[in-house]
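Got chain V; can you put chains F, Y and B on it based on the hints?
Protein chains: 4
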Amino acid sequence: MEIFERLESEVRSYCRGWPVVFNEARGSYIYDEAGSPYLDFFAGAGSLNYGHNNPELKSKLLDYILGDSVVHSLDAYSVAKRDFLQIFGEVILEPRGLDYKVQFPGPAGNNAVEAALKLARKYTGRETVISFTNGFHGMTLGALAVTGNSMKRGGAGVPLNHAATMPFDNYMDGQTPDFLWLRSLLEDSGSGLDKPAAVIVETVQGEGGINVASAEWLRGLADLCKEYDLLLIVDDIQMGCGRTGPFFSFEEAGIVPDIVTLSKSIGGYGMPMALTLFKRELDVWEPGEHNGTFRGPNPAFVTGTAALDKYWRDDRFQKETVAKGELVEARLKAIAEEHAEVGAHARGRGLARGIAFEQPGLAKAVCREAFDRGLLMETSGPEDEVAKLLPALTTTEEELERGLDILAEATRAAVKVPQPA
Amino acid sequence: MEIFERLESEVRSYCRGWPVVFNEARGSYIYDEAGSPYLDFFAGAGSLNYGHNNPELKSKLLDYILGDSVVHSLDAYSVAKRDFLQIFGEVILEPRGLDYKVQFPGPAGNNAVEAALKLARKYTGRETVISFTNGFHGMTLGALAVTGNSMKRGGAGVPLNHAATMPFDNYMDGQTPDFLWLRSLLEDSGSGLDKPAAVIVETVQGEGGINVASAEWLRGLADLCKEYDLLLIVDDIQMGCGRTGPFFSFEEAGIVPDIVTLSKSIGGYGMPMALTLFKRELDVWEPGEHNGTFRGPNPAFVTGTAALDKYWRDDRFQKETVAKGELVEARLKAIAEEHAEVGAHARGRGLARGIAFEQPGLAKAVCREAFDRGLLMETSGPEDEVAKLLPALTTTEEELERGLDILAEATRAAVKVPQPA
Amino acid sequence: MEIFERLESEVRSYCRGWPVVFNEARGSYIYDEAGSPYLDFFAGAGSLNYGHNNPELKSKLLDYILGDSVVHSLDAYSVAKRDFLQIFGEVILEPRGLDYKVQFPGPAGNNAVEAALKLARKYTGRETVISFTNGFHGMTLGALAVTGNSMKRGGAGVPLNHAATMPFDNYMDGQTPDFLWLRSLLEDSGSGLDKPAAVIVETVQGEGGINVASAEWLRGLADLCKEYDLLLIVDDIQMGCGRTGPFFSFEEAGIVPDIVTLSKSIGGYGMPMALTLFKRELDVWEPGEHNGTFRGPNPAFVTGTAALDKYWRDDRFQKETVAKGELVEARLKAIAEEHAEVGAHARGRGLARGIAFEQPGLAKAVCREAFDRGLLMETSGPEDEVAKLLPALTTTEEELERGLDILAEATRAAVKVPQPA
Amino acid sequence: MEIFERLESEVRSYCRGWPVVFNEARGSYIYDEAGSPYLDFFAGAGSLNYGHNNPELKSKLLDYILGDSVVHSLDAYSVAKRDFLQIFGEVILEPRGLDYKVQFPGPAGNNAVEAALKLARKYTGRETVISFTNGFHGMTLGALAVTGNSMKRGGAGVPLNHAATMPFDNYMDGQTPDFLWLRSLLEDSGSGLDKPAAVIVETVQGEGGINVASAEWLRGLADLCKEYDLLLIVDDIQMGCGRTGPFFSFEEAGIVPDIVTLSKSIGGYGMPMALTLFKRELDVWEPGEHNGTFRGPNPAFVTGTAALDKYWRDDRFQKETVAKGELVEARLKAIAEEHAEVGAHARGRGLARGIAFEQPGLAKAVCREAFDRGLLMETSGPEDEVAKLLPALTTTEEELERGLDILAEATRAAVKVPQPA
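Chains as they are written, first to last, in the numbering used here: chain V, 77 to 497; chain F, 77 to 497; chain Y, 77 to 497; chain B, 77 to 497.
Pulled out of the complex, with its shape left as it was, chain V reads as follows:
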């Protein structure tokens, strides 16, 4: 491990909680180089919804590479891209009645967010974008300006502007009516909020602490956007591709965002890929006005196509995820109840779940104890107060139960020892 310490920047982080060198991975398991298995309830922060090295996807990927098919094609046309667009239109957009255009904004989620923000500003001619407390949208300068985390914001080295933060669902005291503040600002020409171009929101804040927006809140937000002529951007990078059940996490709420960002599991196999979707009338881009080298990652198109083909032609996968989510929820509630004295409570939707602990440092300790018992989990939330579960959606019920057993044990072990704040 010496080489990492010597050569890799101090910015590295996940490796600090998991001090092993990973090598192989199959389905819900990842193995270190000594062959020790770890049940993976992190799934690449939601990039591996179909599990590690999913066999059907792998087979398509191997065929593609073996056939000397084109790997890198910028934004030229390729067969792999056509296939992807075809199935994305047929299996995802059309059945949901979504008349979206598709932009390939670059390989990372932040590229999708940057393109979304740029387009929203260009289309409206306005600058301000509304973001929400504890939202997370990426580390590039535009995306960082709408991200809440102060440590990450501090890394910008310049003031982050053209954004205004608003309370996410359930942020305050549970009494204040939703959007009381935002509506007041929009209504009042003297409020000091310049008319925004757009609102950017996650339906469940994965990095922010598994904070769940209710369907009602999301509808309220969508209505407000319509009323005040703001574009609604749903950043579905972590919660899309079935994480909460349906393909898009906003489907339950019955809303239709103006712009949607996708990344993480859209490529199916953990390789970089991202999309920015928007209503047809928003497509005011000039050719090449937003570009980038890796907008045509064909291997990811191939595995992404395979994933859509295998999992999204009917609603079975969605239903299974919801059912698994309920299983996890029940177990998390039981664990939380067992530890009411440290202020534990369960959170989440679908297979985006977590236990929040009021006692500082405890979530981190739980993850540490889980790792020692062969379970990978991460914390989230501004103070790392949530032990977060993002298992692959393909994780079996048996694997889920096994992981939750470990979690229950790890929590007990962590609660026993006093935690430094």
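Since the hints were derived computationally from the structure, they do not count as laboratory data.
There's no promise every hint is true.
Same chains, same label: a pair holds when it works inside one copy or across any pair of copies.
As the list claims (entries may be wrong) - Mimicking DSBU-like on lysine-lysine, the simulated pairs with C-alpha atoms at most 30 Å apart in a straight line are:
1) 386 / 134
2) 177 / 440
3) 386 / 492
4) 355 / 409
5) 409 / 386
6) 271 / 440
7) 302 / 177
Frame of chain V; chains F, Y and B shown alone:
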């Protein structure tokens, strides 16, 4: 092709000049779905320096995927990442005496640039970054602010700040001493230029029109940075990985930048990957202060490792590139001389080459004629005034000659017909 | 009047509601060139708290000018400035236990605000300043960024940044606890609000609609600032110099701001003058770091000194203002009750008063009718929904009654005719 | 003097070089409280072009105050304002063929600059304003962004944006063609300079070091602005009102700026007043879109009117200033020649003059020695390298000679002692 027009955003651009659907690719050739071959003198805008589907790299990639090795690992430790760091240290950094730390900033070049800018600002506590006329560094908000192209800047939708543009080498009348202006600004406490954090520069501006900075100019810039305590960032995304001959394009000048960005061909096979390198003492990042989902693209690590292993253990590859570059240069000069009446002149270094045409619209026409004859080339420069050649470095002399024959012919054809401005 | 229309910019505004040419003025009366008197319940937007051409002040001013005393002295020492500082220390600061340093930031209120904001940012090393809905602080770029009015903000021509707007007292539904939102943002490291340098607030928002902050709310704000280490700036430009009773409008709340801005009536006679006051330890300015031509307006120092000498050596003036305020309040309440059907209600504190009308356009009509009857008043609030009264503090009870009689009549007249929105 | 040290902010500066308390002033002389006279070659930094307490102006001012004429009138119509507009149109604008509208933007020069910048941005819909090295335009945030001095810029506490600095006339090596750089940036769509709204320039940089732009350079700049559709703003706050001879300092060059700022001596008597002038078609302000309390400083209108009436009805005053300027120039050249060994050279135009010294600290020492001998002068330039002379334009030849005798002596004295850098 109807699906692209219906579903893909109007932002798509390369496809407009090459209205075919690509399918397979080997070495310097790419094939459309009808099987027609195209000699590729674009090479993924410099992402395919080792050719399409390079057999040795492909073999390693297939082994990796077949073995169910971990594909996505965020910034956890993986065997593939260790192997990459090992060889990058051994074959690239150590022989060149570069004591750099390595950051994996995300999969795209813009991630590397954003991380470089953030770090430079954080380290110095200053905001302004000096960029150069016709520089190109990416489309995310931080990178776009140091990019010159006005059409692309206009896509931001917000003013782009914290940057100051300076004349690149040979920008003005050929009389003005290098850095006369920049030095005056730095020297004079009343100049209105806030003390910059850093300078970001390309040694050859690929997108900006194949503008070549001389070794002398680069040394002058490095000296100026040292004198005024500014960090020197070389953006080697397009010109690194051997494009101009040596692995880093700045080696010829004998300078050591404080920060270097790499992407495009660093992954070897055209899959997304990027690096930010910086002097050890600059590594002031907090763990996780800059993060992102696709910082551990293991398949790209594997092919990147294979490329370094195969091409960079000695100086043969570098020498071949230089020799091929000379071959191309001689031919381009001949073509330019033949068309002196339209203001043609040859430009470039190594295998980053181009012919600039004073007559508006001509470079575009040349590329069109070349495409019709089976050669892929693109334009660059603010007015698309340069027909640009970035062949794979593995292109054989025979292939180079063949491509240049086509180019000569295409140029003649384009010059014949009057061009609309 | 043709010359105004021909030569003066369309930006002129008060003249549009009062289409006469003023000539003389004494006490609470101003006269047009035909000699018609107008009872002035506007008092130079609070710049004439001691009435027009107050005889004692005038006498001192005449002596000063007659004696060829120095008029313009930049920030050199002058006798007039020393006299002003002397009495300001003795009569204002010392009795109130305020250990403030005094900055002469330029002649206008916006200079005082700009200096306050610059100092707060320099001292804390932070950028963001919290402002409040419907706050008004001036038209220069720094002051405009913390001003709420959207029409005025739109005049900037650039995005206004480094500021965050928060709800003023009583802004929302009357249920939401004070500072629930601001406290949440400050407490939560993931809120997206960068740690602010300061808060800037008016105790009564004069331009924003005569919105009164309660003493309790102001104390809560001061406590919050202390708790989170934010500087508290009270902009007392319109409400200071006795407008609400005490010299500083924040005295009633028992708070001690870190920075205070004064202008308008501080010069006593309506001539340009402004002050920025701040706690001794905040005086981190370099000599000349903020400068300006008109920092030594000696005639205004002289009349300002005379005003302090005459009105502020004891608490009589303060008590009279409070009593007059109560008189006005009672009358306004009666008028408002009479017109409950148009949603009229009285607002204000001391001699900063107003009647808000829910019916659009009505306040403007009331002012028009008042003007026709010889009473000068202006509207305020984001939709001009408040008929505002700022009589000179020296206005006699008789004059107040007379003006209020006119107002009662004007309101009746305005209510009778249907108003365009 | 204790009261100043105890109560006034450390930001005070002129008083540090002139440690006396001024009291009376007449013509070119100012007196401290002990009655010691000082020949004033500073003239309120150009605010006292007609001398201290000019008798004719004083008489009008006294009449105005005695008559209880209105002092403060916001932007309502007043007789004094009408008189001012009348004479300004008749004596200044019409004879020069200038079809300008007049805005009263607030009492200070920075208000005039802020209004000019806002209007230029609003009118063009662009953000960037070109400023020049060592330009000085004021301390409010908008004006500061186009000001060169780094110490003053540092006081902002936020990054200063939306501006780009360009070389003033004679800034570099004397070889580089004028506007080579700026023209390149404007011509080249890839230059990185966003299309500017406007250019803001002083014809002679008073604060920046008495740097004189030639008529040719100014014409070149005006032509460039026309060619590229940029608004030309001449900031004539210090050099206007006859300082260089003609009323507007740009008259000699034969150019017609789109926008002009005036302040300092426009009020005639040293009381705060400022104007923003612009071509009729630029008057796109909404009523009240830019406002402020002290836009109607009637006493300054009265003295301003008197000054125009007395000095500007014919060209005598202008001719006298030019002649006096020549006198001063000859003397300064002689002094400079005498001290060639410390790199002394004379600069300036009209009665804006200075001697620059290459030896650090010398200009400051000269001013100190001059003060000891009863002459007030200040330094200017980024390193305080220029001893600056701005005598009242009414200073007699005798007084000029006397002051220059002192200066000659003071220079000799200063040169004798070694100066700390």
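Of the numbered hints stated previously, which ones are contradicted by the structure, given in increasing order?
-> 3, 4 and 5
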